[in-house]
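Enquirer: Given only the sequences and the hints, what does the whole structure look like? Please build it.
Number of protein chains: 2
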Amino acid sequence: MTPLKSTSVTIRQVADAAGVHFSTVSRALNPATRRLVKPQLAKKVQEAAHRLGYHANAAASSLRTGRSKVVGVIVPDLGSMLFPPILEGIDAEFQKSGYMTIIGHTANDDQQQRRILAGLSERQVDGLIIATATLDEPVTGSLLNGRVPVVLINRTDSTGRTPAVLHDDLKGIHLAFEHLVALGHTNIAHLAGPSVLSTGSLRLRGFRLAHQEMLAGAKLGPVVEAKSFSVEAGKVACLSLLKRNKRVTAIVAANDLLAIGCYEALSELGLKCPDEISVTGYNNTAFSGLVRPALTTVNLRLRDMGIEAARMLAGLMSGNAGNADVVLRPSLVVRGSTAPAPTR
Amino acid sequence: MTPLKSTSVTIRQVADAAGVHFSTVSRALNPATRRLVKPQLAKKVQEAAHRLGYHANAAASSLRTGRSKVVGVIVPDLGSMLFPPILEGIDAEFQKSGYMTIIGHTANDDQQQRRILAGLSERQVDGLIIATATLDEPVTGSLLNGRVPVVLINRTDSTGRTPAVLHDDLKGIHLAFEHLVALGHTNIAHLAGPSVLSTGSLRLRGFRLAHQEMLAGAKLGPVVEAKSFSVEAGKVACLSLLKRNKRVTAIVAANDLLAIGCYEALSELGLKCPDEISVTGYNNTAFSGLVRPALTTVNLRLRDMGIEAARMLAGLMSGNAGNADVVLRPSLVVRGSTAPAPTR
DNA sequence: CTGTTAGCGCTTTCAG
DNA sequence: CTGAAAGCGCTAACAG
Chain A
1 MTPLKSTSVT IRQVADAAGV HFSTVSRALN PATRRLVKPQ LAKKVQEAAH
51 RLGYHANAAA SSLRTGRSKV VGVIVPDLGS MLFPPILEGI DAEFQKSGYM
101 TIIGHTANDD QQQRRILAGL SERQVDGLII ATATLDEPVT GSLLNGRVPV
151 VLINRTDSTG RTPAVLHDDL KGIHLAFEHL VALGHTNIAH LAGPSVLSTG
201 SLRLRGFRLA HQEMLAGAKL GPVVEAKSFS VEAGKVACLS LLKRNKRVTA
251 IVAANDLLAI GCYEALSELG LKCPDEISVT GYNNTAFSGL VRPALTTVNL
301 RLRDMGIEAA RMLAGLMSGN AGNADVVLRP SLVVRGSTAP APTR
Chain B
1 MTPLKSTSVT IRQVADAAGV HFSTVSRALN PATRRLVKPQ LAKKVQEAAH
51 RLGYHANAAA SSLRTGRSKV VGVIVPDLGS MLFPPILEGI DAEFQKSGYM
101 TIIGHTANDD QQQRRILAGL SERQVDGLII ATATLDEPVT GSLLNGRVPV
151 VLINRTDSTG RTPAVLHDDL KGIHLAFEHL VALGHTNIAH LAGPSVLSTG
201 SLRLRGFRLA HQEMLAGAKL GPVVEAKSFS VEAGKVACLS LLKRNKRVTA
251 IVAANDLLAI GCYEALSELG LKCPDEISVT GYNNTAFSGL VRPALTTVNL
301 RLRDMGIEAA RMLAGLMSGN AGNADVVLRP SLVVRGSTAP APTR
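Chains as they are written, first to last, in our numbering: chain A, 1 to 344; chain B, 1 to 344.
It should be emphasised that the hints constitute simulated quantities derived from the structure, not laboratory data. Among these hints, one or two may not hold up.
Chain B residues, not near chain A, derived (Cβ > 10 Å throughout) [said to hold, decoys possible]:
id, residue
1, P31
2, A118
3, R161
4, A182
5, L209
6, E276
7, A324
8, R335
Facing chain A, from chain B, some residues (calculated, C-beta under 10 Å) [to be verified]:
id, residue
9, G66
10, G72
11, Y263
With a cut-off of at most 27 Å between alpha-carbon atoms, the simulated DSSO-like pairs for lysine-lysine come out as follows [what the hints assert, rightly or not]:
id, chain 1, residue 1, chain 2, residue 2
12, A, K69, B, K96
13, B, K272, B, K246
14, A, K272, B, K272
15, A, K227, A, K246
16, A, K69, B, K69
For glycine and all other residues, C-beta sits at the position ideal for the given N, C-alpha and C.
Expert: Spelled out as structure tokens, the structure:
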């Protein structure tokens, strides 16, 4: 009773053009059912479809099948330069299976995250990749009533119940620490990330373990926790760290932005990096080779993380169990921000 | 005949729970039609909906209304740090009207772009924001048969027929040039971007105009075109530029990545920036304050560009004409990469 | 103001 | 192998 848009060509028009019933067209056009139709006819239908410029109406097929061929991706923000490579990986992988992604930015705002989830839920996303997990709030439960498979990426929550694609943060910090120890540092501090994030908390643990293992005699180096993973918070934390710990010769920062914050703090205090104090970052984000001194940092396989998450989600969506995480191996990129410990 | 997912609650169940007809539920739940229903009943319906955890099935309503509440955004890549703020702006603005965005990365690949357009088209996007326009290939024509409104962002094509949100590139280059002239430079070169992009081509034109206007006596400074907007291409182009033009004391680069390429070239040639050669960038991307020397660059209102594009598209989707572009005003951010011309 | 009804375009069972 | 028919959940005439 309400013809809104007769603008686009439908399956029926293709059927007419090809002289077959429209359900034959449906079968011929869907790769999964094509084998049910005589090859000859199938070809004719495809030609007609092409000629008329037909392309499927996803809304209709979603409604019918209950699957949208869209997945949601939730990130805390895009500006940190951590997510672009991840998103490219996700997209690249999903393209193979015809999925597209809707990206939601939460800006670390819970309210916002709820709105985004609601929007994704209405749009019947077939799956969800979430990069905003926190330790204090388990992610699974409420989420879309468990209707939709979820994979966590980069961070995990405290339950560990939701399958995740992560890096081995203990290992990553170990690499950085080891590098500093090899350079002769014995007074190494940690500029930690927020402890409510698994990344922040694990890297701190990694620091403790590494210290214990490699600097067994010495007492644990000083640790200060930044309020957030940002340059500004890193600067503030680093200043307070150095004010109270004059003998520190190296700082292991929990991420690149915090490391840049260290640069700013050092320059404000008139300390030279790396001559007086070495700094390591984490993530190897795009700018880390461009800053001066170029940042020695832990490299993460960000794009691969996206690819793995997409694969894992694809698995879940097709019924896999999802009781294994993927843990990628980080590596160390040595650049100019680390140098031998100054002899005093 | 095929009950696939009775998992989610529908309008009918809400109707039963509230003791009304399902079409009343539809009206009560849709803000646009809510005024058609007695407030009391509307409330009851909303409560029932909430209680049952109802939320709309977008596929069904898309199918019915012909509108998906999804827009597509096409970007050349995410890694350049230019697009994250733009995307955030777009999302922030669209959130107000309940739209979500599907982002497609083309990686500057035409084939890929076509695939993305097809995917977006199937998904019945209500509009399109395109950041991949080139001068040599008009964007409008073929695009989704003109079924869907399009706005261009950051770059435009040669026809100028599609409404666009841009910055005044002539003005931006003028600012940079003016700054250099004020510092006493008279031998200013331009490291141009690809001439097939409107940004590359307009900034070159801006350079010529500024030169003509401010350095009327002197002959036009040397110009070299980089193969792409990338650090590597910038380095290559800058090396060739300086090899042939020993007297250059300042370089206006067409974007920040090219400027970083200049840094690398200069350091390879043993030239000091800014003491011997000043460099200006363009875009004020996130890293430009972090590199050393910190980059003097032209600041673009990237987030605002996203917001404006979203507004413009919203206008087009609701039937506006769209015969005006939005042109934002750039500004100059002076940092450490520019200094007075060396006296010889 | 509310109920009735038709149908958006597609997939999939069921018959032939 | 192909045609017929039903219906996914919703909106929007239309009739009361």
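Enquirer: If a hint holds in the structure, say so; if it doesn't, say that too.
Expert: Results for each hint:
1. Separation of B/P31 from chain A is adequate, the least Cβ-Cβ distance of about 14 Å exceeding the 10 Å criterion.
2. The Cβ of B/A118 does not lie farther than 10 Å from every Cβ of chain A; its closest approach is about 6 Å, which violates its non-interface assignment.
3. At roughly 20 Å, the least C-beta separation between B/R161 and chain A is larger than 10 Å, which holds for a residue marked as non-interface.
4. Listed as a non-interface residue, B/A182 keeps its Cβ farther than 10 Å from every Cβ of chain A; the least gap is roughly 26 Å.
5. A cut-off of 10 Å between C-beta atoms confirms that B/L209 is not in contact with chain A; the least separation is 31 Å.
6. Look at B/E276: its CB is around 17 Å from the nearest CB on chain A, clear of 10 Å, so calling it non-interface holds up.
7. Distance check for B/A324 against chain A: the nearest CB is about 26 Å away, which clears 10 Å, and the non-interface claim stands.
8. With a least CB separation of 13 Å from chain A, B/R335 remains clear of the 10 Å interface cut-off, as annotated.
9. Hint status for B/G66: holds, given a least beta-carbon distance of 4 Å to chain A, under 10 Å.
10. Given hint, B/G72 at the interface with chain A, holds; its Cβ is 9 Å from that chain's nearest Cβ, closer than 10 Å.
11. Hint status for B/Y263 relative to chain A: holds, with the closest Cβ pair at about 8 Å, below 10 Å.
12. Using a Cα cut-off of 27 Å, the hinted pair A/K69 and B/K96 holds, with the two alpha carbons roughly 25 Å apart.
13. In summary, the hint linking B/K272 to B/K246 is supported, as the alpha carbons are separated by about 14 Å, within the 27 Å threshold.
14. A distance of roughly 20 Å separates the Cα atoms of A/K272 and B/K272; the hinted pair therefore holds under the 27 Å criterion.
15. Of the supplied pair hints, the one linking A/K227 and A/K246 holds, its CA atoms being roughly 22 Å apart against a limit of 27 Å.
16. Proposed proximity of A/K69 and B/K69 is supported: the alpha carbons are some 16 Å apart, at most 27 Å.
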